[in-house]
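Dock chain B against chain A, hints included.
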Amino acid sequence: MNKKLLSILGPVIIVALMIVFRYLFPNKITFLTEVGIFSIYVMGNNILMGYLGYTSFGQPFYLSVGAYSAAIFFAYFGGNIFLAIIVAIVVGLLLSLVLAPGLMRLKSSYFTLINAALCMIGVFIFERLLIDVTNGNDGLWFRGNMAATPLLDVRYPKNFFFFVLLILLIAFYLYQKMDKSAFGISMKATKANPEKMTFLGYNVFKIRSIGYAISIMMSTLAGSLYAINFGFVNPNLGENTRAIEVLLATLIGGVGSVFGPFFGALGFLGMKDIVSTFMTRWEFVVGVLTIIVLFKFNRGIWGLIEDGAGLVQRGRNKKTVKVGE
Amino acid sequence: MEIWITAIIYGLASSGILFLVSLALSIGYGLMRVVNMEAMVYYSFGAYVTYTIMSLTGSFILGALGGMLVGAGLGLLVETQLLRKIYNREMMFTMVVTFGVFMIGIGIIQFVWGLEPKPVASPISGIVKFFGGVQIPAYRLLIIVIAVIAYILIQLMMNKTIIGKALRAGIDNRENVEGLGVNINKIFTITFVVASAFAGLGGALNAPLVMVGPYMGFDMLLFAFITVILGGLGSIKGTMVAALILGQVINVGGTIWAPLATVGPFIVMFFTILIRPTGLFGKDI
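Heads up: the protein sequence lines correspond to chains A and B, in order. The UniProt record's numbering numbers the first residue of the first sequence as 1 and each following residue consecutively. The UniProt record's numbering numbers the first residue of the second sequence as 1 and each following residue consecutively.
Next up, chain B with everything else stripped away, as it sits in the complex:
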């Protein structure tokens, strides 16, 4: 019995990471109509910067903040220099361009940090004991809490602030919103930078759980895409629900039969899309 409860809570932690990383894709893909595969560069850089700062200063919090900042900075750079020029191009084009950026990012990581994976120590070593002998590392619980806070913040930003409202209006009718005197480019940039910062944070939080290697973005890319596709384009709530489902598929499925951890999400997405081509919460784009 304990093993299942443990798997479910581990699954929630995986969902947290998946949600943070997928947010950049969800916003880029669903709201701005750009398939930003290079979001995984922010994720990888977030993890690597955390590694570097942690080995220099020993502070994980500083590392995670650094990872977030670097993710945001890279997002700013890429959005203003490249993505802005391709917003109106077809999806296939943006997909291949951003994949090119992703490859460049992997190349830069290889030049700077080398090929061998770097280990990052877990910042909190405590174990929380639940009733019935269930033991969960405190760090996993921290991830769940941070992901929940991130979800609330991003929902507030999208629904309550003027930025979110202008963004959604700008997607529906760009000319009209610009005519009202709103600088829509600036709003796109702000949203994108926020999403990139979350991807960097996801990388920083995931660093102690996985080996930090140049190809870590590749592994995450597919899972993040599955999350976004399964949840449906343009829906942050959908991304959250899909992340919850996939976290359970990975961990509970992996407990039942180990290979399910890697292939389970693909099977889930494959059949979901064949039955419901717009994802769980998606609108038809």
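Okay, chain A solo, but in the shape it has when bound:
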């Protein structure tokens, strides 16, 4: 009962908390918008890391593909924001169809490095090969080309915040559905023991490919939202050095959980926000934090919350037992 209630109310509570924060700290709205977008990005990575057992050092590549498909759409084809987001998701799907047959046959460590290579190739493509389309390092500016949307004009940051929250809410419910479905469980089973899954008659390759496609589509969705948020994109978005951010956020939040990615995004960006006010370079802090999280809290923030909830529940049970006696 409790769990069911949590699964229905959880996303609403999180979104409501975001709105409360938005009015408590009005000057933090860009930060909160970024938390929303980053959560979707981390959720995508969480599918690879938590459900399929693949660590990717190339998530920024998928993010930048999404951002660039939205940006190129705005710059050359039209101004409809919803269409741009759909274009980004479709491009993600096509990309995963092309890459999955090769990548999903690899062992985890090779997958990691192939993705790191993809990142490098991606930056090269956007910076040099398509320089006539993307303006290379100068970035592609398109804020003026975005058309107004009905009901809520998302071109303004304060409306875009609500738009991101709406997408986050939908993403949460779909993610939860995936987590509970037979598909979600079979993904986790392939992570635990692929040989046994093959033996049981499941097509491991197919399960992995679908999971990979969902992950890529979430990353490109987040990329398109980033592009709309900033109003321009440049190749830096896809740089290799940023790959650790999303991995760390996933770890901080708790790998393989539904709400972990949100807390990971919040925790990571919050920490970055706080540390960067008194330290321009924060690699040292990130490094120390990674090691502490890995060794001490390997179930992340969501694990801590669950443990806390478990303690409360146990305390309550004890009470009832005592009353019964």
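If you are wondering where the hints come from, they were derived from the structure by calculation, not from laboratory data. Computed from a predicted structure; not experimentally measured. No residue lacks a Cβ here, since even glycine has one placed at the ideal position from N, Cα and C. Be a bit skeptical, because a hint or two may be false.
[Stated by the list, open to error] Now the stretches of chain A that chain B is said to cover, found in silico as 3 or more residues with beta-carbon under 8 Å:
| no. | region |
| --- | --- |
| 1 | 106-117 |
| 2 | 121-132 |
| 3 | 192-202 |
[Said to hold, decoys possible] Listed next, with one range per pair, are the computed distances between beta-carbon atoms:
| no. | chain 1 | residue 1 | chain 2 | residue 2 | range |
| --- | --- | --- | --- | --- | --- |
| 4 | B | Thr57 | A | Val133 | 45 to 55 Å |
| 5 | A | Val12 | B | Pro119 | 52 to 62 Å |
| 6 | A | Leu169 | B | Gly179 | 56 to 66 Å |
| 7 | B | Gly73 | A | Ile8 | 52 to 62 Å |
| 8 | B | Gly179 | A | Lys4 | 23 to 33 Å |
| 9 | B | Gln81 | A | Phe278 | 21 to 31 Å |
| 10 | B | Val148 | A | Asp307 | 53 to 63 Å |
| 11 | B | Ile86 | A | Phe21 | 31 to 41 Å |
| 12 | B | Asn183 | A | Asp273 | 40 to 50 Å |
| 13 | A | Val275 | B | Phe130 | 49 to 59 Å |
| 14 | A | Phe295 | B | Val112 | 23 to 33 Å |
Leaving out everything else, chain B in the frame of chain A:
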């Protein structure tokens, strides 16, 4: 014509650096099943220590020795304090842990030496003239010679000494080797320290060729990984062959079209792995 011969010899020098730096990764990754990304910290520290000693004493040889020693010391510290605890964990875990160590290393470099890149002067300024007007800086030739010596030494250590034999046996069956009275932890540590020293030496040798900056390890990390992956895990010979190939891709490719120098190695690795997922000389792990 001269331009191609020059590119090929420059490529050999790049291969030398790549081989020295990748050795730590190759041994950690292929033999001990630990993805030691923090090897690039030894590389960066090697370069920085060379810079410091060279600006204090003016001697490059002292600097390179210092870089090697610091690399070895750091390797000893990290292996005994951290890696030993994670040998049996899954690869993903070791990868992220050592990446954390790598980040800490970058942070320490920023605190100690600051953000701006440091220049290191080339220790040998002579130019060797070959037939047909090919001119090669003597320093590049020195790098090739040192890399060849390093390859011979490490092969001798792995195949001829008791340490190498015990190491390979210990990887196959740890309990059995321990039962024979061999302290396998000590052997792991020795091998790791040797590999770290080579990474430090690689940093020291590369210092005059590149700008010594806090992020130099990042650039090298990917190239070193490509070398190890392309060569195949667990094979030092494979690492050497891959370093030779990549050195040519970087320099000859860069002569054909400049952007190939940065992106060429990635393209080579991408297609090699898709066609042959274990690398050129790798065994299936």
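Verification of the supplied hints:
no.	hint	in the structure
1	106-117	holds (count 10)
2	121-132	holds (count 3)
3	192-202	violated (count 0)
4	B:Thr57 to A:Val133: 45 to 55 Å	53 Å, holds
5	A:Val12 to B:Pro119: 52 to 62 Å	58 Å, holds
6	A:Leu169 to B:Gly179: 56 to 66 Å	60 Å, holds
7	B:Gly73 to A:Ile8: 52 to 62 Å	57 Å, holds
8	B:Gly179 to A:Lys4: 23 to 33 Å	54 Å, violated
9	B:Gln81 to A:Phe278: 21 to 31 Å	29 Å, holds
10	B:Val148 to A:Asp307: 53 to 63 Å	56 Å, holds
11	B:Ile86 to A:Phe21: 31 to 41 Å	38 Å, holds
12	B:Asn183 to A:Asp273: 40 to 50 Å	48 Å, holds
13	A:Val275 to B:Phe130: 49 to 59 Å	54 Å, holds
14	A:Phe295 to B:Val112: 23 to 33 Å	26 Å, holds
In summary, the numbered hints that this structure violates are 3, 8.
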